[in-house]
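> Each chain, letter by letter, is given below.
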Amino acid sequence: MIPSITPTATPRKTALAKFSGHRLLTSPGGLAGAVWLAALVAASLTAPWWLPYKTEDQDFTAVLSGPSAAHWLGADELGRDLLSRIFASAAGTLGTSLITVIVGVGLGTILAMTAAASDRAEGIISRVTEIMMSLPGTVIILAVIGAVGTNIPLIMAILGILISAGIYRVMLGQAKSLQSQLYVDAAKVDGVGTLGISVRHVLPGLMNTVVVQSALIFAVGMLIQAGLAFIGFGPPIPQPSWGGMIQSASQHVYDAPWLMVPSGAVLALTVLSANAIGNALGKSPNAAASHLPSAAIRRKRAADAAAAAAAAPAVENAPAAGQLSVRGLSVGVDGGTPLVTDVTFDVAPGTVLGLVGESGCGKTMTAVSLLGLLPSGVSVTGGQILWNGKNLASATEKDLEGIRGRDIALISQEPMRALDPMFTVGYQLTAAIRRLRKAGKAEARAAALSLLEKVGIVDAQRILKSYPHQISGGMAQRVAIALALSGKPRLLVADEPTTALDVTVQAEILSLLRSLVKDTGMSVVMVTHDLGVVADICDNVAVMYAGQVVEGGRTASILDNPRHPYTLALLAADPHANTAHDMPERLATIKGQVPQPKDWPAGCRFAARCQFAGSACAVPVPLLPSGSEDGEVRCVKADELAVEGLGWLATEVPTHRVLEIVEKDMA
Amino acid sequence: MSIDTVELEDAEAALSAPAMLEVKDLVVRYGHGRKAASAPAAVDGVNFTIRPGETVGLVGESGSGKSTIGKAILGLQKVSGGSVSFQGSDITHANSSRRQELGGELRAVFQDPNSSLNPRKTIGASLAEPLRVRGVAAAEARSRAEDMLERVGLPREAVDRYPSQFSGGQRQRISVARALICEPKLVVCDEAVSALDLSTQAQVLNLLADLRDERGLSYLFIAHDISVVQFLAQRVVVLYRGQIMETGPAAAVTESPKHPFTQALVAASPVPRPAEQAERRKLRESLGVRTAAAVAASAGGCPFSQRCPLATDLCTTERPALRSVGQSGVACHYA
Ligand SMILES: Nc1ncnc2c1ncn2[C@@H]1O[C@H](COP(=O)(O)OP(=O)(O)O)[C@@H](O)[C@H]1O
Ligand code: SF4
Ligand code: SF4
Ligand SMILES: [Mg+2]
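Chains as they are written, first to last, in full-length UniProt numbering: chain W, 1 to 667; chain Y, 1 to 335.
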């Protein structure tokens, strides 16, 4: 039956709390900005109760005066108290900017969601917004002022409409990618209408951008209001407003320059606050808290590894050229969890080693450590990677650069990632050949052509001229292999090179790799989770589970005569192991899932999922000779299981079979 | 010309069980307006039926139109020609309110466990959505969601969690729960297990088989991996460039494929037994099927002709009709 699994993490807070509050609070600038805006609004709304003067009170003794005990920020040309006027009018000024935000961001978002929901709408909206963006905004605003006077709310609304075209541009891509998510398809199948989808599934995903854009547009709105006021298009005189104050201050720039300072400073602070809030909210959550370990820890790790390598006994016999021997390799997060422990294997020239196991078992970490390409924050913590007798685990970056691409090359699961979308295949291939083989231009060009032909590309001339997006996945993987071969490597590390491909293309790529191994004596470390691929191309195999090799040896002996319960289980779960006639009613399963590195037990790491686990399995289990050929297995019960001929049990078949009822009905 | 002729051999069953789903001469072109009219068809004259309780597997290479057929059935892609009927009624161009009625009985499980659940909604909210659309009260929807989670092997408490707190396999089980929560008759599974590890894939395949047997469900099971298909499907439809190449009982199609493309497809699927795999590899190499990479789009004739080792002049000029060979329907002049 299906095992029940309890999810690990604790429930999170609401989506809203997730997207805003936290980020704002952790950014000092954003927090300060938010406090300033909140204080401004609060002060403005409560102004009648605490302000020292009414906004229209005139003190003729203080006309155009600077700061004084009676008027902290001075007084204007009619002797009105600036402090009182600035705070009393704050809410109004912020409010008019808010009109631009609501109209601009609101309209832009609605347009983006509408366009994302329908191709036809997108065509129309995109054309209209293009026209809007090409209109001269200033001219339109001035024309409106000419027609209806300085009606600030109306002007700010029109400004919002003009800005919405830009907002639409910003949001469209994101809205489209949300719209193409499978959960949107699922909701459509449920019968949720277009509007429901936009509101329930697209809008929540856009909220973050909406908030960020709102903060930024808010700042723009403030500035434009001030700018209009400065050139004389402020709000009608009697009501206090920041724009109005700036406008009147601008008429006294020479005789009372101070007048500009209070309103200008408050405006500047407010604009800065809005920008700071926008930046804080827009920052990706990871950008703030870096997970990178300190340089000191990394250096210490490297030094430790080098010391360990130096202390280790020298390799006995002089190694053959192209011999890879990995000895007790451990890889871990700096200053923390181990990810791969005590991995040992050999790859002789002209042979293929398979690293198999489920995702999260450390296959890729093991593979990329061979090239010194571990992600940042992860490093080799012990053991040796001996390449032609040289320990790559303690090699310097410079040494590794000399080896990477030339001696040891890598192909990855996503071939497109190896290719730069900006350059043609031919450019990238010849550049690599010129660098790695120190060849001239014409020579490199010829070599590129012959490499492409070698990897089975028939119309190589055309492919050379193509950009990566113009070729199919199978073709891209061939090109990636050609790229990897450009330095004539002795060892190819291939991380799931065929997983993303069709079986027909996979078969061709495997044939290609096989003939390369045969013709050039190159060796391959092949990471895969497909036991059929292992059977097809690997001479030897190492089955990995939770960062360890649990079984290793010759492919034929391991697949035909598996000893470790995990290997037994993988084979029993694989529908490829059966034909239509001997297909079981139910496939075997392994309960639970691969444990996270931090949860590895001290004893056998497979124990929690193993059908044969017992008390003897609670102690660390060594990798021991399995007795069949030169195989090794890490299981205390391996011999017992082999003797008794026990296999991994398939799941039970449910007793009540509705199908039988259906068949009865049909009879 | 349709595979109905083939099915007549199964006449008795066909008569006593009306089709759950019937796809007739389906044509789908992407794009709209004039662009669509001139675009090559992504799906080109496809016919098949699914009977109650039956699982039909749809296989083919990527880009062969498998997903497009699934989308056309689900109303996610506009149909350019032909028809789709569900339980006897034509749903080819059903509007959204008709789709809403259908939504309960016609459901889907999609490939990517990462994007088939809304990351911003709790599992409970995602599971309840199809029920709430149909006016089920919130409290009842929640308790049904909990029951369904339990049925797919997850704790009831999962209703309050978010998708990111589950592994790929668990999420795929949640997608299955979401599809089955309103007691559907037919579920379209598009590459529903392709992104999963072996042991998780086996769990989800078993779950689909259990639920089918418990509830008499029909599946359209879309996958590029013919071995996965043959575990679940009674019948298999093999697609190439939007056209059916071969269709028939799963055992016949996978064990004695008649069409050169099906032969290539079966031979390319590797088995985890080294000696047998070596044999299969030899067989595959001896077939002499040309690589897809070398081929430009074919004009008329057999869509497979540029890769086919048996192709003749006839193959490049005349499209072969689907005709019955043994238990199967095969679209090849020389099968
Ligand atoms: N949204 C789309 N717009 C245009 N062409 C598409 C779109 N989706 C798929 N296609 C094309 O339609 C054909 C069939 O695709 P699809 O149904 O996805 O195949 P499969 O599911 O078998 O991989 C392919 O040629 C593909 O490139
Ligand atoms: S050591 Fe014990 S738990 Fe581990 S695989 Fe062997 S039998 Fe299973
Ligand atoms: S019709 Fe001709 S080209 Fe097409 S599959 Fe048959 S033999 Fe090959
Ligand atoms: Mg698809």
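Note that these hints are calculated values from the structure, not bench results.
Check each hint, because a few of them may be wrong.
[To be verified] In silico contact screen, one side only, chain Y against chain W (beta carbon under 8 Å); selected entries:
id : residue
1  : Ala-39
2  : Ser-62
3  : Ser-269
4  : Val-271
5  : Thr-316
On a predicted model such as this, the values are computed, not experimentally measured, just so you know.
Backbone N, C-alpha and C fix where the C-beta goes; we use that ideal spot for every residue, glycine too.
> Compare the structure with each hint and give your call.
Outcome of the hint check:
no., hint, in the structure
1, Ala-39, "14 Å, violated"
2, Ser-62, "6 Å, holds"
3, Ser-269, "5 Å, holds"
4, Val-271, "5 Å, holds"
5, Thr-316, "18 Å, violated"
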